[in-house]
Amino acid sequence: MLEVRDIKKTFSKGLVHKKYLRAVDGISFTIGEKETFGLVGESGCGKTTVGRLILRLMEPDSGDVVFNGTNITGLKKQDLRKIRPKMQILFQDADSSLHPRMRIWESVAEPLKLYDLVPESDIRKKVLELLEMVGLQKEHLNRYPHELSGGQNQRVVLARVLALRPQFIVADEPTSALDVSVQAQILSLMNEMQQKYGFSCLFISHDLGVIRKMTSIMGVMYLGKLVETGRTEDVFENPKHPYTQALIASGRVAGLDNEQKASPIEGEMPDPMNPPSGCKFHTRCPQKMDLCEKIAPELNNVGTGKVACHLF
Amino acid sequence: MRFRDIRLDDLLRNKASFLGLVIIGILAFTAIAADFIAPYDPNKIELDEKLKPPSSEHIFGTDQLGRDQLSRVIHGTQTTFKLSLIIVTITASFGVFIGITAGYFGGFIDEILMRLIDVLLAFPSIILALVIIGSLGPGILNTVIAISLVGWLYYARVARASTLSIKEKEYIEGARAMGCSEMYICTHYILPNCLPPIIVLVTLNMGGVILTIASLGFLGLGAQPPTPEWGTMLNEGREFLRDCPWLSVVPGALIMISVLAFNFIGDGLRDILDPRQQVIK
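In order, the protein sequence lines correspond to chains V and X.
Residue 277 in the numbering used here is what sits at position 277 of the first sequence, and the numbering runs on without skipping anything.
Residue 274 in the numbering used here is what sits at position 274 of the second sequence, and the numbering runs on without skipping anything.
Worth flagging that the hints you see were computed from the coordinates, not collected in a lab.
There's no promise every hint is true.
Said to hold, decoys possible - Ranges of calculated distance between the beta carbons of each label pair, as one might list FRET restraints:
{"hint": "1", "chain 1": "V", "residue 1": "S188", "chain 2": "X", "residue 2": "S93", "range": "46 to 56 Å"}
{"hint": "2", "chain 1": "V", "residue 1": "E59", "chain 2": "X", "residue 2": "S93", "range": "24 to 34 Å"}
{"hint": "3", "chain 1": "X", "residue 1": "R115", "chain 2": "V", "residue 2": "Q195", "range": "54 to 64 Å"}
{"hint": "4", "chain 1": "V", "residue 1": "S43", "chain 2": "X", "residue 2": "F108", "range": "31 to 41 Å"}
Backbone N, C-alpha and C define an ideal beta-carbon position, used for all residues, glycine too.
Please model the complete structure; the sequences and the hints are all you need to start from.
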């Protein structure tokens, strides 16, 4: 369905003394049909950039993104636009994901008009149908985004995106700007829509609880690299990489029986402009060895998943 | 920063902008209905009647050729409003086009355009307009060309600045992910969202343009006699300032009032769009 092969993206800063930031440093994973892949990691580890690179909202420096057998990275603009409606994105801040001067119904009607999905006369009917499907009513049709709440706006964005019947959606922390009760509603709405429309999803979040609820496979990112991937269940039951263990131990998931007595992460994330040598996690790793400072570990098969750590 | 929509009742609540709107309304009506409300033909010469002081027959008196000053001033309103509307339309649309192009595409295009604007802004605009008219020759069409050539700069700057902040918004990325073309994004997403500051600039700029048209007319480079135009009339009346002050005072006062009125509206609009004002309310 979607295969990401070794994508990289480096940002540079400054004209004379250029500084480089390896936001995404060689990431590979595959997402199957109707599957949800969770990408988790601290702020600034590059998970949002991965989502943008897959949709080519940013150009990757190298690597391939293969969607339904088509390599997207090499596509010309015109060909890319044909694939665009099949791959959509949900943003963290729903309030600024909608055109502030368009009424709700205009926003939802826009994709329908762009691709002539329904005849002109049926547009209003179709828009209402989509809005009701995501739990909004007729009275919201003529409102503006700033008159709705964050949760309602996220529903509108979802309706707008689903109008295109996408096969793949990048959900970039779609609920982290919402309060907890609304979060749960939006998440179950997404689940429901996924059942109905059968799209695959890349779910980006820093919230382990959300990842556990929403995804079947997941990857843990640290400073632009995947340190562990595997079935979500297995990763939570039996985290292998010290970073994953620490992340889970940080207690973000209440009531999680974690048999491993890993202590929460200590210290700050290193400066991504000037990352540590070898394994990037060695500065904070409780099980650091001499080897870790020199050689960066590869992602190897361990059990049911993959781990990048010299311990395995 | 999210700009609120500009609503008419907000403008009416502000005393200064209310006054401005009323004055502009009256002047605009005068300009549109000039042919019907002017009591005399503005160019009809009656040498027997020349240089008459204001009377019930000629409210603002007559000029050195016996033309009715009131009718000339009314038709002058039409000339000025027509010219300034044309100029502002040209400069605003061209400036906004350039500004959005530079801001949205960035990089090399942006750099070139902005440096060009910096260079042009280094000259006082009236001097630049004088140079252009000097080489093209005086006349109404050349006035329009001269003022337009230097007038788009501010629009381009303001539009570019808004575009820079708007293009980082998530709805722009969403539109790109949806497969909208760059052209569509610029016209449907960027343009409507960068309009509020442009509208403020248009109203403030109207006053400036009226003043420039009058200045060029006064210097004899703008509208040519016998076309009734405020600046030109001011210049014609200058010779008779001591004996017949009404010939200069009336067009002079009109220039002042109209510029002031546009500035009142502009200030009112700016206050409405100022985010700090919204907190107080």
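How the hints compare with the structure:
{"no.": "1", "hint": "V:S188 x X:S93: 46 to 56 Å", "verdict": "holds, 49 Å"}
{"no.": "2", "hint": "V:E59 x X:S93: 24 to 34 Å", "verdict": "holds, 32 Å"}
{"no.": "3", "hint": "X:R115 x V:Q195: 54 to 64 Å", "verdict": "holds, 56 Å"}
{"no.": "4", "hint": "V:S43 x X:F108: 31 to 41 Å", "verdict": "holds, 33 Å"}
The structure is consistent with each of the numbered hints, conforming to all of them.
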